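There are 2 protein chains.
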Amino acid sequence: MLPRGRPRAIGAAALLLLLLVVGFFLFGRDPEYGLRAAATLDGEQYGSRNRSASSPQPPLPPKCELLHVAIVCAGYNSSREIVTLVKSVLFYRKNPLHLHLVTDIVARNILETLFRTWMVPAVVVSFYDAEELKPLISWIPNKHYSGLYGLMKLVLPSALPLSLDRVIVLDTDITFFSDILELWTLFARFSDKQVVGLVDNQSNWYLGNLWKNHRPWPALGRGFNTGVILLRLDRLRQIGWEPMWKLIAKRELLTLKATSLADQDIFNAVIKEHPELVLPLPCVWNVQLSDHTLAEHCYLEAADLKVIHWNSPKKLQVKNKHAEFFRNLHLTFLGYDGKLLRRELFGCPNQLPPGAEQLQQALAQLDEEEPCFEFRQQQLTVHRVHITFLSHQPPPLRPHDVTLVAQLSMDRLQMLEALCRHWPGPMSLALYLTDAEAQQFLHFVETSPVLSARKDVAYHVVYREGPLYPVNQLRNVALAQALTPYVFLSDIDFLPAYSLYDYLRASLKQLELGSQRKAALVVPAFETLHYRFSFPNTKAELLNLLDAGSLHTFRYHEWPQGHAPTDYSRWREAQAPYRVQWSADYEPYVVVPRDCPRYDPRFVGFGWNKVAHIIELDAQEYELLVLPEAFSIHLPHAPSLDISRFRSSPTYRDCLQALKEEFHQDLSRRYGSAALKYLTALQQSQSRA
Amino acid sequence: MLPRGRPRAIGAAALLLLLLVVGFFLFGRDPEYGLRAAATLDGEQYGSRNRSASSPQPPLPPKCELLHVAIVCAGYNSSREIVTLVKSVLFYRKNPLHLHLVTDIVARNILETLFRTWMVPAVVVSFYDAEELKPLISWIPNKHYSGLYGLMKLVLPSALPLSLDRVIVLDTDITFFSDILELWTLFARFSDKQVVGLVDNQSNWYLGNLWKNHRPWPALGRGFNTGVILLRLDRLRQIGWEPMWKLIAKRELLTLKATSLADQDIFNAVIKEHPELVLPLPCVWNVQLSDHTLAEHCYLEAADLKVIHWNSPKKLQVKNKHAEFFRNLHLTFLGYDGKLLRRELFGCPNQLPPGAEQLQQALAQLDEEEPCFEFRQQQLTVHRVHITFLSHQPPPLRPHDVTLVAQLSMDRLQMLEALCRHWPGPMSLALYLTDAEAQQFLHFVETSPVLSARKDVAYHVVYREGPLYPVNQLRNVALAQALTPYVFLSDIDFLPAYSLYDYLRASLKQLELGSQRKAALVVPAFETLHYRFSFPNTKAELLNLLDAGSLHTFRYHEWPQGHAPTDYSRWREAQAPYRVQWSADYEPYVVVPRDCPRYDPRFVGFGWNKVAHIIELDAQEYELLVLPEAFSIHLPHAPSLDISRFRSSPTYRDCLQALKEEFHQDLSRRYGSAALKYLTALQQSQSRA
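Keeping their order, the protein sequence lines are chains Z and R. Residue numbering for the first sequence follows the working numbering, beginning at 1 and increasing consecutively. Residue numbering for the second sequence follows the working numbering, beginning at 1 and increasing consecutively.
There could be a bad hint or two in this list.
Here are the computed lysine-lysine pairs in the DSS-like style, where the Cα-Cα straight-line distance is at most 25 Å [as the list claims (entries may be wrong)]:
id	chain 1	residue 1	chain 2	residue 2
1	R	Lys660	R	Lys677
2	R	Lys272	R	Lys257
3	Z	Lys94	R	Lys321
4	Z	Lys319	R	Lys94
None of these hints come from the bench; they were simulated from the model. Here the structure is a predicted model, which is why all the values come from computation and not from measurement.
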């Protein structure tokens with residue numbers, strides 16, 4: 001978060017005008033560029049600070065010392081960025097960490113789920129509500145695009161617990177290439193008076209000579225960059241940090257109107273007046289990759305590169321002759337499988353996250369030699385979950401609104417555009433991806449005009465782990481994130497009728513379904529075997545295609561019992577919703593209230609995952625009502641790896657059978673004799689098989 | 001390579017017998033386990049050696065010093081292992097490297113291609129023929145499963161160039177978690193007499209008390225492990241290393257019969273007699289993960305873990321209470337995208353690998369704003385290629401043998417088993433995968449009885465890079481690796497007739513195709529739209545299905561010109577091969593000699609990739625002969641991402657058009673007026689469109 005740069009449009013226009021007048025050339029939108037001709041590098045200053053880098057390392061703190069890191073994070077994009085930062089820190093760290101995250105509500109929702117499911121040992125996460133900090137800094141006019149969040153680092157000494165005496169503060173656009181302990185160790189270099197450790201700003205911004213009448217905030221020489229800060233919180237509180245920076249900021253604001261680079265301007269103004277407060281840090285701890293950075297002077301000479309800072313608004317697309325090098329470093333962690341970071345710290349007291357111990361015990365009880373071991377293990381797997389991976393606008397509250405719920409993996413990405421054309425309403429989709437695929441997915445959406453225009457589609461990334469597709473866990477993630485009163489539980493290979501969204505809302509309204517009447521509305525399912533086909537606009541057109549043999553009722557040839565109870569011949573003629581009865585193996589696509597039963601997560605891989613859910617609905621006495629004008633059509637695709645394994649492996653089928661039986665045992669426990677009919681049906685179908 | 005362990009079956013049986021007799025419990029098949037009750041840890045010995053780890057670091061060698069690493073590598077499995085080792089070294093290194101690889105012919109073929117296409121800056125690779133070294137060590141009886149290769153580290157002083165004075169020697173089952181420069185730096189600790197640096201063996205093997213009458217080779221205490229060695233080659237040559245180890249080995253062999261742990265036994269015997277030759281290294285430089293390792297004493301206390309050694313024959317499946325931790329570390333590099341290691345070394349003289357400079361220039365000339373930029377970039381991309389990724393048995397030389405050639409990505413893996421059932425002959429398949437997917441693929445083959453039984457299928461991994469599927473580059477990789485005189489150029493979604501392999505060989509023999517007669521034999525293509533269908537055993541059955549509408553000629557509805565010239569109605573009746581004429585957009589599946597023209601790599605993504613190849617065949621005057629009994633059937637699948645983009649993006653179609661035109665310009669240049677007919681055809685088809 002908080003890269004310096006991109007002033008508000010008005011500011012940029014004013015600057016541009018100025019530049020045109022004085023004839024300077026504007027290099028880009030980043031106000032931190034340096035005009036090299038106009039500014040010579042102050043070698044002495046760089047040199048002297050860098051020499052401190054090669055001074056003898058202070059002694060290491062005791063093994064297993066807890067390190068504290070504070071990060072301000074708001075919104076969807078920063079919530080993705082911070083994950084890469086945290087991965088890079090975890091990759092090299094050998095100490096327990098306590099992350100102090102100052103977040104808005106969006107980032108908090110995302111990151112709470114993420115860290116809870118990530119289950120990294122020896123990592124504690126605390127959240128602080130950014131909303132509460134706003135009044136403390138909202139009086140400061142700020143031109144930086146990070147807005148109020150950009151200023152929040154100033155108030156950390158009062159926002160963080162009083163018991164905390166030191167903390168490393170990081171922007172979200174930082175990547176580590178070294179052990180954060182080394183950075184923490186630099187606290188030992190602080191003199192008695194120093195309260196803040198900072199790296200030089202690696203641009204000429206604060207020299208104030210970028211263009212005529214360029215008036216930056218006051219700073220010591222080239223100033224300091226606040227992407228990486230060591231804060232002695234205890235001393236800051238002692239010296240009265242809050243009145244100090246407020247006084248200086250208010251005084252400067254008399255002439256300067258607003259901050260350009262948020263907190264960084266104010267930190268620099270304070271340091272200019274109180275240089276004794278700052279410990280300059282070696283440049284390698286904050287190698288700044290703004291568009292016209294001077295960082296080359298740092299990294300070409302240094303033996304080692306510790307931390308890079310993507311402080312151009314262009315981020316990875318920054319123009320820089322070594323950009324490819326830095327991108328490759330960064331991509332390492334962008335695509336890194338986060339589950340590999342669930343590593344214990346040898347020799348440190350066990351610090352398992354909540355739930356991890358029970359999970360380890362349950363996993364330890366599994367028998368690797370048992371034929372269904374893979375199923376058991378997959379069922380227990382806790383997948384990392386990153387909800388609302390992309391920007392999202394929650395739908396307004398409407399009493400009969402419906403969210404389409406589905407799940408997919410990378411090989412179904414090409415369904416999304418068509419789905420968006422067929423379903424103009426909100427969607428909640430779970431995607432089963434690796435970390436690297438999540439980045440490809442991001443690129444896919446960004447480059448699709450259809451997808452990037454839709455802000456009512458929420459994408460929830462569930463990270464891959466294990467050999468079997470956790471279909472029902474995915475459905476439950478998508479279902480839990482649906483925000484409308486009703487959900488349409490669909491599958492990704494189906495395209496709904498163009499009118500379905502409107503029709504469902506109208507039907508829900510008309511049927512007056514409320515707390516009194518529990519119903520599941522059935523959307524009849526069809527299939528085409530053709531790659532290209534012209535989607536029917538109406539029920540009449542659909543029936544014509546059906547009669548012509550271009551369409552079939554879904555899985556009519558392979559698995560008729562899955563949809564037979566929908567009673568397609570009655571549907572042909574129906575003018576009003578009609579009730580149907582559950583029977584064995586029925587698995588229609590239904591519209592239900594959002595608080596409907598969850599899917600049974602024991603069903604992983606192929607088979608019976610929806611059947612079990614419909615049984616659950618029936619057991620809870622949901623009426624099954626078929627809608628006369630609703631339909632949805634399955635498009636052809638190659639069989640999934642799971643269905644191929646189901647077909648070719650007797651063990652796979654045996655394991656599925658075992659799951660079914662266990663499911664029925666649970667059902668009997670929960671519903672007693674009412675569940676008898678399901679067991680009877682199961683036994684009948686087995687004796688037929 | 002060369003993990004200590006797994007003695008030959010006879011040796012194991014003898015040991016087992018012994019153990020049964022004396023009543024000891026055998027922990028596993030790894031001869032390096034320790035019987036904890038029988039052996040107490042010699043803390044003093046460990047402690048004293050570890051203290052040297054915390055002694056002040058010697059000064060760093062000059063920046064950019066070239067580091068030399070030697071590795072013995074033979075066979076398919078070691079050729080995969082070494083890649084992970086090299087990735088881990090490259091990830092942390094900051095120095096130029098020279099890899100000295102002692103290889104058999106299999107490993108050399110694989111690794112030459114791999115390093116050539118990897119194009120890592122500042123890495124030089126030299127190959128040494130293991131075959132030539134065999135006579136130097138083949139007189140030593142060795143029970144270790146690594147066979148002769150296990151002994152080759154002994155002769156490195158004479159095998160490596162005389163100009164080389166020091167080298168780090170590594171087994172292939174090593175993973176680095178630190179900069180190899182730190183290890184290199186330990187050379188500075190050698191006294192004037194020391195010639196070899198080694199880490200303690202972290203098991204009780206050499207204590208000789210594992211079972212009654214266990215007689216290991218002589219060693220100093222617990223002995224040393226030779227998975228990581230620092231060798232002063234210059235001094236070894238000076239002190240007469242070769243006669244020295246030979247003499248000692250011969251003497252021991254008078255009583256010991258054979259080495260159990262290959263070179264390691266001999267190194268230890270020499271050191272026992274000449275302890276002044278060895279510098280003990282800190283244990284963290286070779287943390288040994290054998291089944292009953294004592295390594296815990298090392299890594300639980302150490303601040304840092306530098307190198308791990310998977311010296312159990314079970315490798316990653318080793319039973320160890322911290323196995324998960326070490327596996328996660330290792331998986332980091334197993335799945336790491338190797339292209340990210342194409343990083344320059346800042347501040348070191350430019351050391352671009354062959355071809356890299358021209359490539360960089362060509363890429364630099366591309367215009368990012370040009371609409372077809374992605375196509376241009378993809379065409380220029382040099383993909384890393386790992387040929388024969390899995391064990392492979394080349395087919396015997398037979399004059400009319402045919403290899404099926406195809407390419408695929410992860411989403412078509414489920415086709416492989418069916419393909420194996422339909423095609424009993426050799427196959428050469430290119431797989432477009434990420435590094436992580438390559439591991440999934442390995443697992444997929446290992447767990448499939450059908451696939452793991454087939455040693456005549458060669459899998460060539462082409463690593464993913466860029467947004468467009470490089471279909472023709474993939475085909476060329478698979479084609480170049482086909483080892484039979486003829487190839488059947490197919491696609492992965494097609495299943496050949498069960499009889500096709502035999503029929504093609506018979507036809508090739510009968511037609512007496514030789515250097516005089518250039519022909520491409522056409523295998524007519526059909527398609528089914530059904531997920532499940534019963535594959536026709538004969539042409540008659542196929543024709544029945546065709547008449548019944550269950551089968552169609554391939555792409556009859558969407559792209560009839562692609563196969564129309566095959567003349568299906570003539571084929572129905574044909575009894576003998578018949579000649580057909582090329583016409584526009586024809587793209588049959590053909591059998592051709594292995595030295596046929598390559599595919600044009602400019603066609604990336606969807607469209608025209610096979611059409612261009614058939615034009616090339618026609619231009620080179622290949623006769624097109626349709627075979628009357630041959631057929632192959634396309635199975636349904638969802639449209640690929642590329643075809644979806646082709647259909648939805650006008651730019652994509654425009655770019656394909658531009659590629660076609662450039663292809664025709666090249667064609668005219670090469671074939672002159674003979675190529676006119678192709679251009680005319682193109683123009684006609686455009687005017688129709």
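Indices of hints not satisfied (ascending): none
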